[in-house]
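Chemist: Sequence:
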Amino acid sequence: MPLLFCFIQITCFEGFNIKNVHLDKCIRANNENNRISLTECNPDSEQQQWRWDSRLNSIVSLKTERCLTVHKTNEFGTVKLAPCASGHPQAWTCSKRGHLTLEGFSLHLNVKHKTNKVHVSHEKGKLSKWRTFKDKIICTEANHIWQHEGTTEVLVSHPFVMPSKF
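Take the sequence shown: its position 150, counting from 1, is numbered 150 in full-length UniProt numbering, and each next residue is one higher.
Derived by calculation from the structure, the hints in this document are not laboratory data. Think of the CB as a built atom: it goes at the ideal place given N, C-alpha and C, for glycine as much as any other residue. Just so you know, nobody snuck in bad clues.
Think about it this way: if two alpha-carbon atoms lie no more than 20 Å apart in a straight line, the pair counts; the simulated EDC-like pairs of lysine to aspartate or glutamate are:
1) K96 <-> E123
2) K117 <-> D24
3) K80 <-> E65
4) K126 <-> E40
5) K80 <-> E46
6) K134 <-> E14
7) K63 <-> E14
8) K124 <-> E75
Restraint-style ranges between C-beta atoms, simulated for each label pair:
9) N74 <-> D44: 29 to 39 Å
10) N57 <-> E14: 16 to 26 Å
11) E75 <-> R35: 18 to 28 Å
12) N33 <-> K96: 26 to 36 Å
13) F105 <-> D44: 28 to 38 Å
14) S54 <-> K114: 27 to 37 Å
15) S95 <-> K134: 17 to 27 Å
16) N31 <-> N116: 14 to 24 Å
Generate the whole structure from the sequences, applying the supplied hints.
Modeler: Shown next as structure tokens:
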């Protein structure tokens with residue numbers, strides 16, 4: 001009887017919150033409708049935890065495992081969650097000043113003040129600056145996530161043997 005070898009891969013991440021500096025509110029992922037919104041920051045909320053995927057330069061929700069994605073790459077384009085895949089408008093760059101910019105489009109993550117809706121815009125004003133809940137620059141968290149206190153990225157593979165009837 002042939003044996004089928006399978007590997008289980010487990011990756012662990014500690015996430016970070018994405019906080020709008022001016023409004024002092026954090027981005028929250030809604031897994032029912034793939035929308036995001038701003039809400040009071042809660043460092044213990046799974047829906048406010050994010051990680052940086054350095055392969056795709058994407059920002060991934062730890063709750064949904066979906067990426068921040070711009071659905072229309074124009075002024076005031078909507079930002080939602082979508083499956084992470086290269087080729088979609090979901091690659092971001094970040095600056096030390098706190099701007100998150102959609103790669104290749106000069107569109108920055110922004111907020112409509114009265115509605116707290118997250119969108120992209122060409123504007124680089126006070127509503128387009130983001131930091132972590134711990135008041136760190138997103139770039140610092142994103143590019144050095146494995147070096148931060150209490151943060152780990154561990155890859156564990158456990159082989160197991162499964163009998164096959166083939």
